[in-house]
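Visitor: Chains as they are written, first to last, in the working numbering: chain A, 1 to 314; chain B, 1001 to 1314; chain C, 2001 to 2284; chain D, 3001 to 3284.
Quick caveat, the hints were computed from the structure, so don't treat them as lab data.
Honestly, I wouldn't trust all of these hints.
In silico PhoX-like pairs for lysine-lysine, Cα to Cα no more than 25 Å straight-line [to be verified]:
#1 A:2 x D:3101
#2 C:2101 x B:1100
#3 D:3033 x A:2
#4 A:100 x D:3101
#5 B:1300 x A:221
#6 A:6 x D:3006
#7 A:36 x D:3033
#8 A:36 x A:2
#9 B:1006 x C:2006
What you are looking at is a predicted structure, and each value in this text was computed from that prediction instead of being measured.
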Amino acid sequence: MKRVPKRTSVDMSVDLARINLESPVFTASGCAAAGKELDQFIDITSIGAVVTKSVMLNPRSGRATPRMAETPSGMLNGIGLQGPGIDEFIANDLSWLSQKGAKTIVSIAGNNVEEFGKVADKLRDIPGVVGIEVNISCPNVENRGQVFACNPNAAADVINTVRRNVSASMPLFAKLSPDVTDITEIARAVVKAGADGLSVINTLLGMVIDIDTLKPKLSGKTGGLSGPAIRPVAIRCVYQIRKALPEIPIIGMGGIRNGRDAVEFFAAGANAVSVGTTVFNDPEACVRIHDEIAEILQEKGLRSIRDIVNVAHN
Amino acid sequence: MKRVPKRTSVDMSVDLARINLESPVFTASGCAAAGKELDQFIDITSIGAVVTKSVMLNPRSGRATPRMAETPSGMLNGIGLQGPGIDEFIANDLSWLSQKGAKTIVSIAGNNVEEFGKVADKLRDIPGVVGIEVNISCPNVENRGQVFACNPNAAADVINTVRRNVSASMPLFAKLSPDVTDITEIARAVVKAGADGLSVINTLLGMVIDIDTLKPKLSGKTGGLSGPAIRPVAIRCVYQIRKALPEIPIIGMGGIRNGRDAVEFFAAGANAVSVGTTVFNDPEACVRIHDEIAEILQEKGLRSIRDIVNVAHN
Amino acid sequence: MPIVHKGTVVDNKKVGSYFVLTATAADMPKEFKPGNFVAVAIGDERSSLILRRAFSIYQVNDRGVYGGTVDIVVSPHGPGTDYIASLKRNDPINLVGPLGKPFSLPKDPVPCVLVGGGYGAAPLFTLAEALTARGCRVDFILGASTQEKLFGMLEARRISTTLSVTTDDGTSGQMGRVTDVLPDVITKSNAAVVYACGPMQMLKAVSEVALLHGIVSQTSVEESMACGIGVCMTCVLPVIGDDGITRMLRSCVDGPAFRGDKVRWDQVGQIPADTWGAPSEGTH
Amino acid sequence: MPIVHKGTVVDNKKVGSYFVLTATAADMPKEFKPGNFVAVAIGDERSSLILRRAFSIYQVNDRGVYGGTVDIVVSPHGPGTDYIASLKRNDPINLVGPLGKPFSLPKDPVPCVLVGGGYGAAPLFTLAEALTARGCRVDFILGASTQEKLFGMLEARRISTTLSVTTDDGTSGQMGRVTDVLPDVITKSNAAVVYACGPMQMLKAVSEVALLHGIVSQTSVEESMACGIGVCMTCVLPVIGDDGITRMLRSCVDGPAFRGDKVRWDQVGQIPADTWGAPSEGTH
Ligand SMILES: Cc1cc2nc3c(=O)[nH]c(=O)nc-3n(C[C@H](O)[C@H](O)[C@H](O)COP(=O)(O)OP(=O)(O)OC[C@H]3O[C@@H](n4cnc5c(N)ncnc54)[C@H](O)[C@@H]3O)c2cc1C
Ligand SMILES: Cc1cc2nc3c(=O)[nH]c(=O)nc-3n(C[C@H](O)[C@H](O)[C@H](O)COP(=O)(O)OP(=O)(O)OC[C@H]3O[C@@H](n4cnc5c(N)ncnc54)[C@H](O)[C@@H]3O)c2cc1C
Ligand SMILES: Cc1cc2nc3c(=O)[nH]c(=O)nc-3n(C[C@H](O)[C@H](O)[C@H](O)COP(=O)(O)O)c2cc1C
Ligand SMILES: Cc1cc2nc3c(=O)[nH]c(=O)nc-3n(C[C@H](O)[C@H](O)[C@H](O)COP(=O)(O)O)c2cc1C
Ligand code: FES
Ligand code: FES
Chain A
1 MKRVPKRTSV
11 DMSVDLARIN
21 LESPVFTASG
31 CAAAGKELDQ
41 FIDITSIGAV
51 VTKSVMLNPR
61 SGRATPRMAE
71 TPSGMLNGIG
81 LQGPGIDEFI
91 ANDLSWLSQK
101 GAKTIVSIAG
111 NNVEEFGKVA
121 DKLRDIPGVV
131 GIEVNISCPN
141 VENRGQVFAC
151 NPNAAADVIN
161 TVRRNVSASM
171 PLFAKLSPDV
181 TDITEIARAV
191 VKAGADGLSV
201 INTLLGMVID
211 IDTLKPKLSG
221 KTGGLSGPAI
231 RPVAIRCVYQ
241 IRKALPEIPI
251 IGMGGIRNGR
261 DAVEFFAAGA
271 NAVSVGTTVF
281 NDPEACVRIH
291 DEIAEILQEK
301 GLRSIRDIVN
311 VAHN
Chain B
1001 MKRVPKRTSV
1011 DMSVDLARIN
1021 LESPVFTASG
1031 CAAAGKELDQ
1041 FIDITSIGAV
1051 VTKSVMLNPR
1061 SGRATPRMAE
1071 TPSGMLNGIG
1081 LQGPGIDEFI
1091 ANDLSWLSQK
1101 GAKTIVSIAG
1111 NNVEEFGKVA
1121 DKLRDIPGVV
1131 GIEVNISCPN
1141 VENRGQVFAC
1151 NPNAAADVIN
1161 TVRRNVSASM
1171 PLFAKLSPDV
1181 TDITEIARAV
1191 VKAGADGLSV
1201 INTLLGMVID
1211 IDTLKPKLSG
1221 KTGGLSGPAI
1231 RPVAIRCVYQ
1241 IRKALPEIPI
1251 IGMGGIRNGR
1261 DAVEFFAAGA
1271 NAVSVGTTVF
1281 NDPEACVRIH
1291 DEIAEILQEK
1301 GLRSIRDIVN
1311 VAHN
Chain C
2001 MPIVHKGTVV
2011 DNKKVGSYFV
2021 LTATAADMPK
2031 EFKPGNFVAV
2041 AIGDERSSLI
2051 LRRAFSIYQV
2061 NDRGVYGGTV
2071 DIVVSPHGPG
2081 TDYIASLKRN
2091 DPINLVGPLG
2101 KPFSLPKDPV
2111 PCVLVGGGYG
2121 AAPLFTLAEA
2131 LTARGCRVDF
2141 ILGASTQEKL
2151 FGMLEARRIS
2161 TTLSVTTDDG
2171 TSGQMGRVTD
2181 VLPDVITKSN
2191 AAVVYACGPM
2201 QMLKAVSEVA
2211 LLHGIVSQTS
2221 VEESMACGIG
2231 VCMTCVLPVI
2241 GDDGITRMLR
2251 SCVDGPAFRG
2261 DKVRWDQVGQ
2271 IPADTWGAPS
2281 EGTH
Chain D
3001 MPIVHKGTVV
3011 DNKKVGSYFV
3021 LTATAADMPK
3031 EFKPGNFVAV
3041 AIGDERSSLI
3051 LRRAFSIYQV
3061 NDRGVYGGTV
3071 DIVVSPHGPG
3081 TDYIASLKRN
3091 DPINLVGPLG
3101 KPFSLPKDPV
3111 PCVLVGGGYG
3121 AAPLFTLAEA
3131 LTARGCRVDF
3141 ILGASTQEKL
3151 FGMLEARRIS
3161 TTLSVTTDDG
3171 TSGQMGRVTD
3181 VLPDVITKSN
3191 AAVVYACGPM
3201 QMLKAVSEVA
3211 LLHGIVSQTS
3221 VEESMACGIG
3231 VCMTCVLPVI
3241 GDDGITRMLR
3251 SCVDGPAFRG
3261 DKVRWDQVGQ
3271 IPADTWGAPS
3281 EGTH
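Start from the sequences and build out the full structure, keeping to the hints where you can.
Guide: Encoded structure:
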């Protein structure tokens, strides 16, 4: 009963910063936990990769509720990175994923640069981990809560530190925030610091006011805006970064709801895509979107997903 | 048949940087031309103010089509500031508006700092003009097309120049772009340079790929994202600026579709609101939203629109 | 004056590839002139599609049991048109209209040829009535890619002196394009005006034929529209004014009907270099 | 295992303030256990509302002419619930389920009191059947603000030993709260377990009464949910584990039914300071 991709003559495999994956469709961090719950709906080993919820060094309770608000064609979330901490995560979640045979990209976060290094270090030689996504869109408690991803130096510091704490062959993806004046500046900085690829984009900073209380609806006041609403911003970011860095592998995300949306990302320059908020609407989304992409490619007479990457630039 | 606001016991008048207006609901620049077309649907003199399409020194053909793409709960536009130029604008549009008795806030734009000054200078002593909105979200052709609003110095330069070219009593609103790392930095810079108020926000930079051609859908490749999709970003910007500048008058905008949405803006710190994209869906929107705000205030037992401004901060 | 009509679907029936939808719209019939269009909202506040869709007015009726009604012909092929095609009797429908400049009618009772491509035929029937009322002879040409996409054959036959039909695939009428038969119809009817509505390529070809015959053409264009009421500037195309200057005109309020010889067909989608306000070095 | 059901509305009828909606859902009846819920999509891809809405399963039926069906009770009061209330027979409906942990049933045939507040009664009828099948005595208490918001009185009376009713305004049954009558019902029935579903304030009060009487309570909570399937972490509340440690548990997969004495009712909506991973200086 678990949904798996349909057979297709289109070559859907991708090569992404030394990783070979059978599908270009991944989960998005924070929108699939560690894959176990989704595995009731889809065969979690049949998608490109499971990108796990950002994990930190220690257990985190996350923020008080309300943690979300629905918005037009999107939602705002302020979960506060609730999670078990890296040790329990490795013991429970990663071991389940590796036993299943899933390809896992572990998303990591930290309160300061050092913590990122420590979390990364724990991930050496864990089976099934095909890459690390570094979520730098979190606040640096040592610098008045400034978000790492909003400053090229802070962003580079994190990537540098993580790079030194993982094996040289471990693919590193830096996840960028769109809330900056020039995203290509941050992209260049993290690539120089050792990122093998980029995940584009994280949520946009937003706020919803509760009409009854007239106060911010989320306990954390602001939250991250995601979903189809932000897709045009995400496509623009991918396009800009692809133009600035023609060779860097990009995992595109932000509002992908169907195969057509995903194709927009590939054309703009993404080599793979992550599906986030849409999973809440359709738990089968990652497999469905894989199928829809293959169908569109077939209609266009293309043989491989790689034939469509970057075509919007030509 | 033209819609006018319903009678209400709620005091809907606002005092905005020395202007007294009967309604806190305005049109948004570029979404109401110069008011004439909307006057078929609503009495254009019955809304707070008509904010006209940004006008430049010379006539502009604007960009090639396609100039727009629909997006989830929003749209992307790249009109390229098509317009008649300031002289014809004054002769035709402003004279029509002033003859009608409308309150007009003229939005101005320029290709360089000097041009902003020249356009502003032409607006001295024109009847019916109650304020000038300075659209600094346009590219500076003298600085590799960098958008004025994305750099505090460039933004301040424009406002400074405009300030020097209008009478001291003319209220100036600087219209800010959300596409920056820290919008409060730009807000402070333009206020220091002489802006009496702020218009928050302009569109977000976005892109849509045409699924058939696999190329950017707009002739200008990127365009501005507007509509309900961006509302949470706009609310966040208004809230942040209000916190940073407790006294500055703010015209809030971005995705307002109904009275509830407008109330979110007031609570976050806006003193008035502009309605843009929603007018395309409902040409009566400005009056309808005025009515809906009054109704909500009444339900909450509030007597004046001013009672709700900033309440999300308490 | 156009107004916002919060109407109801009276009927929505499939006709060939199209749906003919009838909606209540109180005063529309009184205000209507041939060539006007309506802008239909796609769903209510829950909808993620916030832009209206434009449809030529096919018919109006103010004597029915529902008060004033308006008919449109919808070709479902995208999210908005699919939605409208799915509407059922009694569903709410919100439309703004009548919009756009109507067709210009000749002062004298001259023969006219009406050319409709696909659903582009929709606005031509009320036009034909108005022309006939003025004593004009009306000849009809309907074209489409295939038979199912021809609209209004019976009606066109009834109200015209002659009807010619073309399809790209020959499934109905003559195989080919409307412009294959147009010269002949012009000549035989001694036409002074050609009216056309349909795809842009067809309008361009029709204008060229009219020009060759030294007669006037009125073409109703279809440009992507965001507002339909003249406030957004998305729907522009280059049109030569009476002063000889090309301007980017809004097809929703300056059109949708333009004189065919005034539209710069080869540069639709572009800004011709001599357009009023066209970019010169360093200003755009 | 929960699955995505692309079903159809079989019926949707108004009952008091509520709508009882029946939808086709092939295998749902086989998988269902009392206390499960379904997550309903609000419209199709055109919809701007992308999050599903959660509804307790009121009934399932696998013998009908439509194959498996599921019933939910909907209280319209916002964009999503209004939409569901507006659905008509034959409209498509997309639901995911069955979701959530079911109620825990007692091993022995002990007397149980079932307390439903408003539409919170919905999951209690299948629970009552399951309890009765195990030989448990079932007593029902239904409460609401007013008569129209009571749900399932007739049915409750039929399947229970006693039924007590309260309304805040006295329009039906005793004026007051369910907890006004609960102690008496517990005492008279000699109950060992109280099951409750309804507003959070009610659940808290019911747990306190159960605690006072030294009996177990099972409360089905209602927290705002984004995914309903355990992947987003929006629906958490502080619950004390068997190890005595408070954790922020997901009400969609660790609940919605929790032991009443384990939920830290006073701090729902907060992070109690002793919660596992709670913020300490400088780490959040
Ligand atoms: C004056 C006028 C009269 C028309 N009359 C008819 C008619 O009688 N019957 C009919 O079937 N169609 C007619 N059209 C075309 C119809 O408006 C479009 O097919 C429709 O808007 C497409 O919507 P969609 O969501 O199905 O497709 P999409 O292509 O997905 O539309 C996406 C967006 O682009 C805009 N758009 C796309 N194509 C057009 C277009 N051709 N014109 C205007 N906006 C467009 C839509 O408003 C929407 O915002 C007319 C268009 C105009 C301008
Ligand atoms: C386990 C469970 C069982 C439920 N059973 C029923 C039932 O049987 N009958 C019934 O009428 N209602 C039930 N509810 C509540 C119902 O899900 C909400 O009333 C509904 O989601 C509100 O949607 P709305 O669009 O009408 O309102 P809004 O308040 O506008 O909803 C906005 C957003 O908040 C979320 N949300 C708001 N309130 C709730 C809530 N209480 N629970 C979950 N999400 C919420 C919605 O998913 C949506 O994303 C149940 C909730 C849960 C968690
Ligand atoms: C509820 C929720 C939780 C998220 N948590 C994380 C996270 O822990 N780490 C991270 O890098 N991104 C997180 N994200 C961001 C997503 O991974 C993704 O970048 C973003 O939501 C845009 O994609 P979408 O529109 O498809 O959701 C989260 C998003 C949502 C909606
Ligand atoms: C078609 C279109 C044209 C616009 N033109 C201008 C403009 O000329 N000057 C300007 O300052 N803003 C312009 N805007 C931005 C709006 O004034 C407004 O700031 C933005 O759209 C957000 O509000 P909304 O979501 O209500 O539309 C334009 C927006 C649209 C959709
Ligand atoms: S569609 Fe907006 S001006 Fe024509
Ligand atoms: S609603 Fe997503 S984890 Fe519970």
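Visitor: Against this structure, judge whether each hint is valid.
Guide: These are the hints, each one checked on the structure:
1. A:2 x D:3101: holds, 20 Å
2. C:2101 x B:1100: Judged against 25 Å, a Cα distance of about 24 Å means the pair holds.
3. D:3033 x A:2: Between residue 3033 (chain D) and residue 2 (chain A) the Cα gap is close to 21 Å, so the pair holds against 25 Å.
4. A:100 x D:3101: Holds. Residue 100 (chain A) to residue 3101 (chain D) sits at ~24 Å (cutoff 25 Å).
5. B:1300 x A:221: holds, 22 Å
6. A:6 x D:3006: Holds. Residue 6 (chain A) to residue 3006 (chain D) sits at ~19 Å (cutoff 25 Å).
7. A:36 x D:3033: holds, 21 Å
8. A:36 x A:2: Holds: residue 36 (chain A) and residue 2 (chain A) sit about 13 Å apart, inside 25 Å.
9. B:1006 x C:2006: Between residue 1006 (chain B) and residue 2006 (chain C) the Cα gap is close to 19 Å, so the pair holds against 25 Å.
Against the hints set out earlier in the document, no violation occurs for any number.
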